[in-house]
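*Asks:* Using the hints provided, position chain Y relative to the given structure of chain F.
Chains as they are written, first to last, in the numbering used here: chain F, 48 to 157; chain Y, 2 to 119.
Mixed in with the good hints there might be a few duds.
Calculated from the model, a selection of chain Y residues having no Cβ within reach of chain F, i.e. all distances over 10 Å [what the hints assert, rightly or not]:
(1) P9
(2) E64
(3) S90
(4) L116
Incomplete in silico selection of chain Y near chain F, CB under 7 Å [to be verified]:
(5) F35
(6) L45
(7) T50
(8) I94
Calculated directly from the structure, the hints in this document are not laboratory data.
Note that the Cβ used here is the ideal one computed from N, Cα and C, for glycine as well.
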Amino acid sequence: RKEVEQDPGPFNVPEGATVAFNCTYSNSASQSFFWYRQDCRKEPKLLMSVYSSGNEDGRFTAQLNRASQYISLLIRDSKLSDSATYLCVVGSQAGTALIFGKGTTLSVSS
Amino acid sequence: GAVVSQHPSRVICKSGTSVKIECRSLDFQATTMFWYRQFPKQSLMLMATSNEGSKATYEQGVEKDKFLINHASLTLSTLTVTSAHPEDSSFYICSARDPTESSGNTIYFGEGSWLTVV
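The following block holds chain Y by itself, in its conformation from the complex:
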């Protein structure tokens, strides 16, 4: 079963509104989660690294005031797309590592969220 759950899987919103996407680690506590965005026929692009209890680290070119990330607990990170525009329509996906795994290399992905802004 899934170890990282993402919700909602699909959302349609009106331009100018805000949308919140949740990412939960189900079987482990994730101090770090990662948020990616994927446009059609493009690669997954890292948007930001979400750190529990501290500010997220954003990749170059990603507006932190537009894509608000909150990682208030060890099992939940949220991404809020504020004042969404049609060009924000994309596949958003989160991932997390289980820090208890010795290799530290196993990444678990959420199911992804399809955002359509109309």
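Next up, chain F with everything else stripped away, as it sits in the complex:
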């Protein structure tokens, strides 16, 4: 079983749509969780950290379910500029490397 699994998509949605991405991780000892965004041929950039209590940043909402080892990202009112690959990322403890999912590709069209 892969350490971090995501549906690769692609998700093709119109502007203004709401889209949700899911991710599961295998290491129950994982302590930190993130969503990164990666544009084509660029380095990944941190979108948001994910906390057990859930957190929201504008149109983006992330949630973590430790019992199910499941992470989600919800994007509301999609913009053309949201088109990218979204990477689910998990860390086991501070100071260690992050483990990346394969990414979910989102394409927002007008």
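*Replies:* Leaving out everything else, chain Y in the frame of chain F:
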């Protein structure tokens, strides 16, 4: 601005030659840096953990004699792809943590290096 700088951003080399990629932390001293590789439409895969002043820790399946890592200072780690072959063509990217940040969870990435071996 960037806090981790990677160079070169793109490099084309002939098969059999060696290529060195540099990763520098600009605003902090990084005792640990991480090297990833990403093939097209694939995830970032951790290759090795670079430790300042000691040997790198390689992930399973990564040849340490082929991918030489040197972390001689607190701000610089280098990855040398030796005797490169076309199958080594990939996106190589480094990352580092700022140890002074209390959470210890913020990872900074370099801009990445596109290697093409012809």
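*Asks:* Hint by hint, note whether the structure agrees.
*Replies:* So, going through the hints one by one against the coordinates:
1. The Cβ of Y/P9 sits about 14 Å from the closest Cβ of chain F, beyond the 10 Å cut-off, so the non-interface label holds.
2. Listed as outside the interface, Y/E64 is consistent with that label: its C-beta sits roughly 18 Å from the nearest C-beta of chain F, beyond the 10 Å cut-off.
3. With 10 Å as the threshold on Cβ separation, the claim that Y/S90 sits away from chain F holds: the shortest Cβ distance comes to roughly 13 Å.
4. The claim that Y/L116 is not at the interface with chain F holds, since no C-beta of that chain comes within 10 Å of its own (minimum 13 Å).
5. The criterion of a C-beta within 7 Å of any C-beta in chain F is met by Y/F35, whose closest approach is roughly 5 Å, and the hint holds.
6. Restraint check, Y/L45 versus chain F: the minimum CB separation of about 4 Å is within 7 Å; hint holds.
7. For Y/T50, the interface hint holds, since its Cβ comes within 7 Å of a Cβ in chain F; the closest pair sits about 6 Å apart.
8. Look at Y/I94: its Cβ gets to within about 6 Å of chain F, closer than 7 Å, so that hint holds up.
This entry satisfies every hint, going by the numbered hints stated previously.
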